[in-house]
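*Asks:* So the chains spell out like this:
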Amino acid sequence: MKNKLIYWLIWLSVLILLILCVSIFSLCVGSADISFRKIFSLNLAKSHSTAYTIIFNIRLPRIILGFAIGGALSLAGVILQGMFRNPLVEPYTLGISGGAALGVCLNAILGLNSTFGILSIPIFGFSGAVLVIIFVYFLSLKKGVLRIQGLLLTGVMISFIASSLIMFLMAISGIEDLHGIIFWIMGSLEEPNWMLIKLILILSICGLVISYFFCFDLNALSLGEEEALHLGVNVERTKKSLFLLASLLTGFSVSVAGIIGFIGLVVPHFMRMFVGQDHRILLISSFLAGASFLIFSDTIARTIILPLELPVGVITGIVGGSLFIYVLAKKEFIFWR
Amino acid sequence: MKLLQIKDLSCGYDSIFNFGIQKKIEFVLKDINLIINKGEIVGIIGPNGAGKTTLIRAISRTLKPKKGEIFFDGKNIWKMNFRESARQIAVVPQNFSGLDMTVEEFVLLGRIPHIKKFQFFETKKDLQVAQNCMELTDVLKLKDQLISKISGGERQLALIAKALTQQPRLLLLDEPSLYLDITHQVRILDLIKRLNKEFELTVVMVLHELNLASEYCERLVLLNEGKIYKTGSPQEVLDYHIIKEVYKTEVLVEKNPFSSKPYILLVSQKREVPNEKRIDTDLYR
Chain G
51 MKNKLIYWLI
61 WLSVLILLIL
71 CVSIFSLCVG
81 SADISFRKIF
91 SLNLAKSHST
101 AYTIIFNIRL
111 PRIILGFAIG
121 GALSLAGVIL
131 QGMFRNPLVE
141 PYTLGISGGA
151 ALGVCLNAIL
161 GLNSTFGILS
171 IPIFGFSGAV
181 LVIIFVYFLS
191 LKKGVLRIQG
201 LLLTGVMISF
211 IASSLIMFLM
221 AISGIEDLHG
231 IIFWIMGSLE
241 EPNWMLIKLI
251 LILSICGLVI
261 SYFFCFDLNA
271 LSLGEEEALH
281 LGVNVERTKK
291 SLFLLASLLT
301 GFSVSVAGII
311 GFIGLVVPHF
321 MRMFVGQDHR
331 ILLISSFLAG
341 ASFLIFSDTI
351 ARTIILPLEL
361 PVGVITGIVG
371 GSLFIYVLAK
381 KEFIFWR
Chain A
3 MKLLQIKDLS
13 CGYDSIFNFG
23 IQKKIEFVLK
33 DINLIINKGE
43 IVGIIGPNGA
53 GKTTLIRAIS
63 RTLKPKKGEI
73 FFDGKNIWKM
83 NFRESARQIA
93 VVPQNFSGLD
103 MTVEEFVLLG
113 RIPHIKKFQF
123 FETKKDLQVA
133 QNCMELTDVL
143 KLKDQLISKI
153 SGGERQLALI
163 AKALTQQPRL
173 LLLDEPSLYL
183 DITHQVRILD
193 LIKRLNKEFE
203 LTVVMVLHEL
213 NLASEYCERL
223 VLLNEGKIYK
233 TGSPQEVLDY
243 HIIKEVYKTE
253 VLVEKNPFSS
263 KPYILLVSQK
273 REVPNEKRID
283 TDLYR
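Protein chains in written order, with our numbering: chain G, 51 to 387; chain A, 3 to 287.
Quick list of the computed label-pair ranges, beta carbon to beta carbon:
# : chain 1 : residue 1 : chain 2 : residue 2 : range
1 : A       : Lys199    : G       : Lys380    : 48 to 54 Å
2 : A       : Gly234    : G       : Phe263    : 47 to 53 Å
3 : G       : Cys256    : A       : Gly234    : 55 to 61 Å
4 : G       : Lys380    : A       : Ser17     : 46 to 52 Å
5 : A       : Glu28     : G       : Asn136    : 28 to 34 Å
List of simulated lysine-lysine pairs, DSSO-like, C-alpha gap at most 27 Å:
#  : chain 1 : residue 1 : chain 2 : residue 2
6  : A       : Lys143    : A       : Lys127
7  : G       : Lys52     : A       : Lys145
8  : A       : Lys151    : G       : Lys54
9  : G       : Lys193    : A       : Lys68
10 : G       : Lys192    : A       : Lys26
11 : G       : Lys54     : A       : Lys127
Please keep in mind that the hints were generated in silico from the structure rather than gathered at the bench. Ideal placement from N, C-alpha and C gives every residue a C-beta, glycine not left out.
Go ahead and model the full structure; you've got the sequences and the hints to work with.
*Replies:* Structure below.
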């Protein structure tokens, strides 16, 4: 037991250190390189130099948003994979991203940006996501039992329907709207609104805290629903709460940052390999690893071919996917515990 | 002293016909009445499809009964809190597929019903109980191995260790001897017998092997077509006429010279194969 605790603490400190390193790296590099020392002097001086503006108005918000969204997405991934007992499930499997994208499309086509202002895209994206969540939830609910397989199939089908509708909307929309839609779908951590960033940060940390109320239930569920029931878990209530938690985490992440793929799939897998199947450590370590992975990917995306900024999804996909394939090929080395 | 009382229990599965217009309940268990006393080892036997597993599922709250009630220690189990019933009743399933974890982590999952709200780590007591249960079931030496890497018999022992870690008063086992060789069959059933003697653990188990049931159970419940055909001691239940009636098979019932319990010899039904039913040997050339 003591060994396990020490092992967990080591992992936690490694991940926190990783986040700090990645954040500092992200603060330093960019189209204007700012040295490490200068950052600290800035912090004290609070001057209005260009370096100050770059750091506090451009880079820091992105890091905070990356932290919140990377964490939220991989947390949702861990929860869903644990609950479905299916390694291929990710936050976007349930059609939530499709719903959010549809909402954003409608917003662009109907030209509602002017009426709702800067918050219009997140609001529409989130309403689309919530609509899909409600839809999927009630379609899979039979006699008070949430049927897991039904949930998955309904989610996948809704994803297809949503992407067809998006294609339809794109086909009838003008060039300018099209550009906006595509840009949103590719995903980006650029968000000028500080309020929204703070809100997302609070929400995703709340999600992490709430998920810890279910850590033992998730451990029990990893043996299967019947087994969890034999261990005294109120399976139906747990499944419903976890589904809602994971889908809300996904919903607000997607509605702010667009569809940033792969984090919710790959990071939980990696963390399962490294820290094991115990959700008590898995939840927080996935959150932290997802956060640092997204911050890192975003930094690469905006610096790799300056002055062009790549969509962050490109990096998460390429880096995450190739690392994952490598690990799968070398599985026996990685499965040590 | 009765521990478990099953009253007029009927269980079934819904089957839906004609695009959901017609619905029919197919009853697997019909009007079961059964009392299980404290400290008993009860074996549930019966032919395939008799409802043995369904009975276990009903007692373990996995399947909601269509009719009737089950009382544990005077309390209706469906009115009990899930955690509370998990502290009283533990189940050893036929098999399981789970994520990969070490045997020790797996056995510790059995402490979940005992973990209090806002408790994050297992206490010393939890660890001690898990340790004892692993020692008892002889899986302590495997505790750092992955559950997927150990043999079927060892996994069965680990499943029993996990169920014991729940510190239940009633242990339900669904075919604990399935897939096991005779060494492991005897080992597991001896263990169950020992637990019953030493800790007054009440055991209800489904057994396919009539001879094992006869040897290890004090009382047998013979199910046939969803009804209790006969209950009683092995001598009463494993009778030539009863077995012929229920299993529709000719057997030889003998007496075990050591335990003087009945044991059953299977007899090939047709020693003289009539010409017209002989297998066409050309097929195998």
